[in-house]
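S.K.: These are the residues of each chain, in order.
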Amino acid sequence: MLNEYGPRYASGFEVKFAVSQPKTLFEKIWDDHVVVQEAGSPAVLYIDLHLVHEVTSPQAFQGLRDRGLRVRRPDHTQATMDHSIPTTDNRLRIIEDPIARKQVEQLRINCQEFGVPLADMGGLDQGIVHVIGPELGLTQPGMTVVCGDSHTSTHGAFGALAFGIGTTEVEHVLATQCLLQNKPKTAEVRFVGKAPAGVGAKDLILALIAQIGVGGGTGYVLEYTGEAISELSMEGRMTLCNMSIEGGARAGMIAPDDVTFEYLKGRPRAPQGADWDAAVERWRQLPSDPGAVYDKTILVDVSKLEPMITYGTNPGQGVGISQPLPDPAHLADSNQSAALKKSLAYMALEAGKPLLGQPIDVVFIGSCTNSRISDLRDAAKVLQGRKVSDKVRLMVVPGSEKVKKQAEEEGLPEIFKAAGAEWRQAGCSMCIAMNGDQLTPGQYSVSTSNRNFEGRQGKGGRTFLASPVTAAASAIEGAVADPRKYLS
Amino acid sequence: MEPITRFQGKVVPLPVRDIDTDQIIPARFLKTIDKDGLGKSLFCDWRYLSSGDPNPDFILNQPRAEGSTILLAGDNFGCGSSREHAPWALMGFGFRAVISTSFADIFKGNCLKNGLLPIVVDEATSAELFEAAKADENLQLTIDLESQTLTLPSGRSVEFPIDAFSKKCLLAGVDQLGYIQNLMPSIEAYEARVGDRVTTV
Ligand code: SF4
Numbered sequence: 017m018l019n020e021y022g023p024r025y026a027s028g029f030e031v032k033f034a035v036s037q038p039k040t041l042f043e044k045i046w047d048d049h050v051v052v053q054e055a056g057s058p059a060v061l062y063i064d065l066h067l068v069h070e071v072t073s074p075q076a077f078q079g080l081r082d083r084g085l086r087v088r089r090p091d092h093t094q095a096t097m098d099h100s101i102p103t104t105d106n107r108l109r110i111i112e113d114p115i116a117r118k119q120v121e122q123l124r125i126n127c128q129e130f131g132v133p134l135a136d137m138g139g140l141d142q143g144i145v146h147v148i149g150p151e152l153g154l155t156q157p158g159m160t161v162v163c164g165d166s167h168t169s170t171h172g173a174f175g176a177l178a179f180g181i182g183t184t185e186v187e188h189v190l191a192t193q194c195l196l197q198n199k200p201k202t203a204e205v206r207f208v209g210k211a212p213a214g215v216g217a218k219d220l221i222l223a224l225i226a227q228i229g230v231g232g233g234t235g236y237v238l239e240y241t242g243e244a245i246s247e248l249s250m251e252g253r254m255t256l257c258n259m260s261i262e263g264g265a266r267a268g269m270i271a272p273d274d275v276t277f278e279y280l281k282g283r284p285r286a287p288q289g290a291d292w293d294a295a296v297e298r299w300r301q302l303p304s305d306p307g308a309v310y311d312k313t314i315l316v317d318v319s320k321l322e323p324m325i326t327y328g329t330n331p332g333q334g335v336g337i338s339q340p341l342p343d344p345a346h347l348a349d350s351n352q353s354a355a356l357k358k359s360l361a362y363m364a365l366e367a368g369k370p371l372l373g374q375p376i377d378v379v380f381i382g383s384c385t386n387s388r389i390s391d392l393r394d395a396a397k398v399l400q401g402r403k404v405s406d407k408v409r410l411m412v413v414p415g416s417e418k419v420k421k422q423a424e425e426e427g428l429p430e431i432f433k434a435a436g437a438e439w440r441q442a443g444c445s446m447c448i449a450m451n452g453d454q455l456t457p458g459q460y461s462v463s464t465s466n467r468n469f470e471g472r473q474g475k476g477g478r479t480f481l482a483s484p485v486t487a488a489a490s491a492i493e494g495a496v497a498d499p500r501k502y503l504s
Numbered sequence: 081m082e083p084i085t086r087f088q089g090k091v092v093p094l095p096v097r098d099i100d101t102d103q104i105i106p107a108r109f110l111k112t113i114d115k116d117g118l119g120k121s122l123f124c125d126w127r128y129l130s131s132g133d134p135n136p137d138f139i140l141n142q143p144r145a146e147g148s149t150i151l152l153a154g155d156n157f158g159c160g161s162s163r164e165h166a167p168w169a170l171m172g173f174g175f176r177a178v179i180s181t182s183f184a185d186i187f188k189g190n191c192l193k194n195g196l197l198p199i200v201v202d203e204a205t206s207a208e209l210f211e212a213a214k215a216d217e218n219l220q221l222t223i224d225l226e227s228q229t230l231t232l233p234s235g236r237s238v239e240f241p242i243d244a245f246s247k248k249c250l251l252a253g254v255d256q257l258g259y260i261q262n263l264m265p266s267i268e269a270y271e272a273r274v275g276d277r278v279t280t281v
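These protein sequence lines map, in sequence, to chains C and Y. Residue 415 in my numbering sits at position 399 of the first sequence, and the numbers go up by one each step. Residue 164 in my numbering sits at position 84 of the second sequence, and the numbers go up by one each step.
Treat each hint with caution, since some may be false.
Below are the DSBU-like pairs computed for lysine-lysine, each with C-alpha atoms no more than 35 Å apart in a straight line [what the hints assert, rightly or not]:
no.: 1; chain 1: C; residue 1: Lys-312; chain 2: Y; residue 2: Lys-247
no.: 2; chain 1: Y; residue 1: Lys-90; chain 2: C; residue 2: Lys-118
no.: 3; chain 1: Y; residue 1: Lys-248; chain 2: C; residue 2: Lys-39
no.: 4; chain 1: Y; residue 1: Lys-120; chain 2: C; residue 2: Lys-358
no.: 5; chain 1: Y; residue 1: Lys-115; chain 2: C; residue 2: Lys-201
no.: 6; chain 1: Y; residue 1: Lys-247; chain 2: C; residue 2: Lys-199
no.: 7; chain 1: C; residue 1: Lys-357; chain 2: Y; residue 2: Lys-90
no.: 8; chain 1: Y; residue 1: Lys-247; chain 2: C; residue 2: Lys-433
no.: 9; chain 1: C; residue 1: Lys-118; chain 2: Y; residue 2: Lys-115
no.: 10; chain 1: C; residue 1: Lys-199; chain 2: Y; residue 2: Lys-214
no.: 11; chain 1: Y; residue 1: Lys-248; chain 2: C; residue 2: Lys-475
Listed below are several chain Y residues computed to face chain C (Cβ distance under 7 Å; list not exhaustive) [stated by the list, open to error]:
no.: 12; residue: Asp-98
no.: 13; residue: Pro-106
no.: 14; residue: Ser-162
no.: 15; residue: Asn-190
no.: 16; residue: Tyr-270
no.: 17; residue: Thr-279
If you are wondering where the hints come from, they were derived from the structure by calculation, not from laboratory data. Ideal placement from N, C-alpha and C gives every residue a C-beta, glycine not left out.
Sequences are here, hints too, so could you generate the full structure?
M.R.: This is the structure we're talking about:
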């Protein structure tokens, strides 16, 4: 007689078939991509999609040149430029910073020489690398995706295994299409309950990182589950997975479902026709099996969350927007207490008080976390018919040329400009402040980007991370503001 | 890469946790297309005043940092971006090892590929080392990769973890690309079996 585990023998022994072991989403993709696994060595993992940008690739291409190697699979490689390019309107004519100009020109030379497709400035495919991959339909469920950029975790939103690598590894992938990897551990992050109004993907991920800390995910691949996750749009899922690295995780991922397929259907690089149906059939097998085992499970209660904001100098230092900032004097661990004290000193903030009403100088809406069309629509809804405080500079920077075009078709730039905002060209912009867009020392910003490290947005600059609606509301008030009153 | 076996070095303590790669090397120095010359910008925003002069309060500007090769840092060192410029900058300054209670994943991988040893110790050992570094400005430690041990001033030896494969490569002074290249027939067989999951052209 057969039962769910396999044959039951008369002797009473039950034989479990190895093939029926339930697997997680991560394990399925991992097992599908191991080319070789020798004892005592890391796995050789096959990479389906390698994204390349100007900042972390020059030394890798040079390495190939020095060894006389070619790019083995240019057809699995896509380059663009995003980090060091200006977001000014005249950038096609000139990149004024000579060092940045040289880096951008070097990427063009490298792509030309090695036959790598390049989404260059001026073309409709250019944009932040993590915005254009999904947009082109390059990022698909079940794939391995890497890039010399820690926010490659973004692509995990599609049920892909996607993670950032260093430049030496960029060279490995360029040369072999493979990567050496030790198998990470897995954690399920289950968001429990329904998110209240005004609480979006950005708030969910900031809440998780505040809960586990910036090192909490180290060594793990996180799979996000729960009702609050399956209800998110693809863009929200990308925002969430994007910041997995801010919790220290190797990658973040979400099981593909109809929302995923709907987003991908008809995109230029997605499978077409009969291939599409076959692909969807395959992708439906990817979600974790019932009973699959994770190395650990983290629960996040979302039902009582508020819009989140960070106050410190790492993304784990976040609170609900009406909550008082923690007091170093109340922390038992002396290391933690010292770290909090140092952060508050850098930010010139007082413990024990909420951030609401804290005056700000700049609002930045952009970055691979929150520069997609839905982010811009959300911000526009808050800004429509209102004015940005005259004390504040509001920069709105679309994540890609396509986002920009779409926003223009919808009339969003008119709303931003009427409110007093700048509408800029696609790129990383003030997320990383290596392209001319930056804070001056001492300035405060509310930013929709992902890092509030000291000086991240310009030497001496101070960053509060928040969602697009919180950023827009704060721009109006000239101070950190609760977005909920603008959302009814 | 030079083989690494055993070395003795002077320690400089930086008792700060969660030091991110933006502090190790700020983004504005990432516009270079080389690996060289980053050592002078290591910890730039902590190390230099707005005038451009060295900040005398920062430990790397103090006499004790001269000739140091081992950085002793707080927990979760190297979090943030994947920039390999971070280990390049640390090595450019002269560091050969960093000791912490934990390292961010990508940073650790980048270190191992460049021959900068990321040495993980437990909290008690870390505390002992910070104490010792406070007491002795010339604190020297011996690191032995073969036996994976760190010899403390007290004479006590502690073992540190390192994955077997990286260790083999570091001891021999070979990089890891050759290992993958030797497996090319398996990679080609994999591609033939699986086909293209996506194409960019
Ligand atoms: S937007 Fe910011 S985080 Fe995203 S890729 Fe660009 S620099 Fe990195």
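S.K.: If a hint holds in the structure, say so; if it does not, say that too.
M.R.: These are the hints, each one checked on the structure:
1. The straight-line distance between the Cα atoms of C:Lys-312 and Y:Lys-247 is roughly 29 Å, inside the 35 Å bound, and the hint therefore holds.
2. Proximity of Y:Lys-90 to C:Lys-118 is assessed by CA-CA distance (about 38 Å); at most 35 Å being required, the pair is judged violated.
3. A hinted pair counts as satisfied when its Cα atoms are at most 35 Å apart, and Y:Lys-248 with C:Lys-39 qualifies at roughly 32 Å.
4. Between Y:Lys-120 and C:Lys-358 the alpha-carbon distance is near 25 Å, which keeps this suggested pair within the 35 Å criterion.
5. The hinted pair formed by Y:Lys-115 and C:Lys-201 meets the criterion: a straight-line CA distance of about 32 Å does not exceed 35 Å.
6. Restraint check for Y:Lys-247 and C:Lys-199: satisfied, since their Cα atoms lie roughly 17 Å apart, inside the 35 Å limit.
7. For the suggested pair C:Lys-357 and Y:Lys-90, the alpha carbons sit about 29 Å apart, so the restraint of at most 35 Å is met.
8. This hinted pair does not check out: Y:Lys-247 and C:Lys-433 have alpha carbons roughly 57 Å apart, beyond 35 Å.
9. Of the pairs offered as hints, the one joining C:Lys-118 and Y:Lys-115 holds, with about 15 Å between alpha carbons and a cut-off of 35 Å not exceeded.
10. The straight-line distance between the Cα atoms of C:Lys-199 and Y:Lys-214 is roughly 38 Å, outside the 35 Å bound, and the hint therefore fails.
11. Between Y:Lys-248 and C:Lys-475 the CA atoms are separated by roughly 41 Å; this puts the pair beyond 35 Å, and the hint is violated.
12. The criterion of a C-beta within 7 Å of any C-beta in chain C is met by Y:Asp-98, whose closest approach is roughly 5 Å, and the hint holds.
13. Interface hint at Y:Pro-106: satisfied, since its Cβ lies 6 Å from the closest Cβ of chain C, which is below the 7 Å cut-off.
14. The criterion of a C-beta within 7 Å of any C-beta in chain C is met by Y:Ser-162, whose closest approach is roughly 4 Å, and the hint holds.
15. Taking 7 Å as the C-beta cut-off, the interface hint given for Y:Asn-190 holds, the closest approach to chain C being about 4 Å.
16. Interface restraint check: Y:Tyr-270 against chain C, minimum CB-CB distance 5 Å, threshold 7 Å, status holds.
17. With a cut of 7 Å, the hint placing Y:Thr-279 at the interface with chain C holds, because the nearest CB-to-CB distance is about 5 Å.
This entry does not satisfy hints 2, 8, 10, 11, going by the numbered hints stated previously.
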